[in-house]
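Asker: Input sequences plus hints: build the corresponding full structure.
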Amino acid sequence: MKIVIINYGAGNIQSIMFAIERLGFKAVLSNDPEEIKSAEKVIFPGVGEASSAMTKLRESGLDSLIPELKQPVLGICLGMQLMCNKTEEGNTEGLGIFDVDVLKFSNKVKVPQMGWNQIYDLKSDLFKGISENEFMYLVHSFYAPNCEESIATTNYDVEYASALQKDNFYGTQFHPEKSGDVGEKILGNFLKI
Amino acid sequence: MQRFTKFCVALRIFANLCETTKKMLAKRIIPCLDIKNGRTVKGVNFVDLRDAGDPVELAEIYSAEGADELVFLDISATEERRKTLVNMVRSVAEKINIPFTVGGGISSVEDVDILLNNGADKVSINSSAVKNPQLINDLAQKFGSQCVVVAIDAKQIDGQWIVHLVGGKVPTELNLFDWAVEVAERGAGEILFTSMDNDGTKNGFANEALAKLSELVNIPIIASGGAGNIQHFVDSFKKGKADAALAASVFHFKEIEIKALKQEIKKNGIEVRL
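Which chain is which? The protein sequence lines are L and U, in order.
Counting in the numbering used here, the first sequence runs from 1 upward without gaps.
Counting in the numbering used here, the second sequence runs from 1 upward without gaps.
Please keep in mind that the hints were generated in silico from the structure rather than gathered at the bench.
On a predicted model such as this, the values are computed, not experimentally measured, just so you know.
Be aware that a few hints might be false.
[What the hints assert, rightly or not] Derived EDC-like pairs (lysine to aspartate or glutamate); straight-line CA-CA distance at most 20 angstroms:
(1) U/Lys23 - L/Asp157
(2) U/Lys142 - L/Glu88
(3) L/Lys26 - U/Glu65
(4) L/Lys108 - U/Glu215
(5) U/Lys266 - L/Glu132
(6) L/Lys56 - U/Asp113
(7) U/Lys23 - L/Asp121
(8) U/Lys22 - L/Asp157
(9) U/Lys22 - L/Glu21
(10) L/Lys185 - U/Glu60
(11) U/Lys259 - L/Asp181
(12) L/Lys185 - U/Glu94
(13) L/Lys185 - U/Glu65
(14) U/Lys95 - L/Asp181
(15) U/Lys238 - U/Glu215
(16) U/Lys95 - L/Glu21
(17) U/Lys23 - L/Glu132
(18) U/Lys22 - L/Glu59
(19) L/Lys108 - U/Glu185
(20) U/Lys23 - L/Glu159
(21) L/Lys56 - U/Glu215
(22) L/Lys108 - U/Glu271
(23) U/Lys95 - L/Glu132
(24) U/Lys241 - L/Asp121
(25) L/Lys104 - U/Glu185
(26) U/Lys95 - U/Asp54
(27) U/Lys22 - L/Asp63
(28) U/Lys142 - L/Glu184
Answerer: Structure (structure tokens):
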């Protein structure tokens with residue numbers, strides 16, 4: 001199976017590479033449109049700041065390519081947020097795949113949320129065989145509010161969407177590659193879609 | 001009236017029930033491993049280890065026992081240190097599926113870049129942040145606050161918490177609380193606070209200072225220094241309001257097992273990942 005991790009200079013890609021290897025697959029890193037289009041599975045990672053990540057996507061033309069992809073695509077963390085309409089972080093326009101606006105956590109809680117929190121109200125084959133209320137590892141200051149495309153919910157400051165799905169596009173706010181064996185199973189589920 | 005009282009009691013029980021079932025961010029338990037030339041140092045007492053000095057094997061054991069994160073603190077002083085550390089980071093990332101932080105001797109954006117690129121999730125800076133506070137801003141801007149941990153070692157001198165460098169040997173002019181506010185403003189994503197007064201005593205964490213830190217800054221605080229028994233961890237969360245608690249020897253010498261520790265913390269009504 002050809003798995004491509006989109007490489008646009010944003011994020012800890014090595015951990016995802018290793019997690020995929022532990023699942024018995026190999027992934028390639030690429031920002032080449034043809035290579036990405038020919039993949040069976042595409043992973044869209046991202047950590048860091050939204051507006052600079054979006055600028056990098058635009059520079060490489062990936063902003064128009066990603067929404068056109070037909071194979072399963074998994075956005076992780078900032079990757080997921082960039083797949084939304086827009087984000088309050090740096091007032092950034094997103095890719096508009098998920099019909100929701102990303103907001104900042106309030107000052108009532110510590111920001112960033114850092115650590116393990118539960119996911120519940122699970123929908124979608126991404127969570128096949130995954131129990132409700134499992135703990136996932138999250139690190140983020142901005143969140144996607146619950147919406148029609150939510151396939152998992154988490155509670156921090158508010159109840160928000162910790163995973164989204166629309167057609168072939170999936171997004172997780174948590175890091176499946178850093179969320180223990182359960183996270184690895186979710187990543188494995190994605191590779192089986 | 002009696003019926004109303006009963007109703008109120010029932011309502012309170014229901015409210016409590018809701019409170020305990022409400023989902024929330026878990027408190028973290030973090031074992032810390034000292035690394036020298038790519039090997040763990042300082043009395044690791046695991047009889048079931050094939051190689052007690054292998055950080056990867058130890059990391060795997062802690063991960064399996066339920067550690068929420070790991071911290072590797074590099075204390076080597078050789079010229080080869082960076083290369084050795086990077087290799088270790090890579091091997092750890094290859095094997096474990098929980099987050100880990102790397103600290104010790106990190107003083108530039110390039111240092112951090114290479115560690116993150118090899119699979120570290122966060123880096124911890126200490127002396128270099130004191131010497132060059134702008135480094136915090138630079139790292140937060142380039143890599144995001146989420147991977148910038150500022151470690152602060154402090155002890156009390158004449159009733160004042162004073163920041164110290166070089167493992168607590170060299171005092172600075174900085175007050176712990178002022179420095180904590182400054183690092184948060186500069187973009188640190190987390191503070192790892194070690195009380196030198198408590199470190200090694202096994203008498204518990206510096207809960208008063210921890211609670212004050214939590215009040216002053218709006219980023220997570222990791223408590224470090226003083227863990228001796230399970231109650232100390234409970235207190236660091238309840239009294240110290242810490243978001244995570246870090247310890248080394250109590251885990252390395254198996255005085256406290258992580259699974260049992262987390263179960264006990266949970267019994268005290270504190271959310272942990274079990």
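Asker: All hints, please: hold or fail.
Answerer: Hints, verified against the model:
no.: 1; hint: U/Lys23 - L/Asp157; verdict: 11 angstroms, holds
no.: 2; hint: U/Lys142 - L/Glu88; verdict: 19 angstroms, holds
no.: 3; hint: L/Lys26 - U/Glu65; verdict: 28 angstroms, violated
no.: 4; hint: L/Lys108 - U/Glu215; verdict: 12 angstroms, holds
no.: 5; hint: U/Lys266 - L/Glu132; verdict: 19 angstroms, holds
no.: 6; hint: L/Lys56 - U/Asp113; verdict: 17 angstroms, holds
no.: 7; hint: U/Lys23 - L/Asp121; verdict: 12 angstroms, holds
no.: 8; hint: U/Lys22 - L/Asp157; verdict: 12 angstroms, holds
no.: 9; hint: U/Lys22 - L/Glu21; verdict: 36 angstroms, violated
no.: 10; hint: L/Lys185 - U/Glu60; verdict: 18 angstroms, holds
no.: 11; hint: U/Lys259 - L/Asp181; verdict: 16 angstroms, holds
no.: 12; hint: L/Lys185 - U/Glu94; verdict: 16 angstroms, holds
no.: 13; hint: L/Lys185 - U/Glu65; verdict: 18 angstroms, holds
no.: 14; hint: U/Lys95 - L/Asp181; verdict: 12 angstroms, holds
no.: 15; hint: U/Lys238 - U/Glu215; verdict: 13 angstroms, holds
no.: 16; hint: U/Lys95 - L/Glu21; verdict: 10 angstroms, holds
no.: 17; hint: U/Lys23 - L/Glu132; verdict: 12 angstroms, holds
no.: 18; hint: U/Lys22 - L/Glu59; verdict: 44 angstroms, violated
no.: 19; hint: L/Lys108 - U/Glu185; verdict: 17 angstroms, holds
no.: 20; hint: U/Lys23 - L/Glu159; verdict: 10 angstroms, holds
no.: 21; hint: L/Lys56 - U/Glu215; verdict: 37 angstroms, violated
no.: 22; hint: L/Lys108 - U/Glu271; verdict: 18 angstroms, holds
no.: 23; hint: U/Lys95 - L/Glu132; verdict: 26 angstroms, violated
no.: 24; hint: U/Lys241 - L/Asp121; verdict: 29 angstroms, violated
no.: 25; hint: L/Lys104 - U/Glu185; verdict: 17 angstroms, holds
no.: 26; hint: U/Lys95 - U/Asp54; verdict: 13 angstroms, holds
no.: 27; hint: U/Lys22 - L/Asp63; verdict: 38 angstroms, violated
no.: 28; hint: U/Lys142 - L/Glu184; verdict: 28 angstroms, violated
Of the hints listed earlier, those the structure fails to meet are numbers 3, 9, 18, 21, 23, 24, 27 and 28, in rising order.
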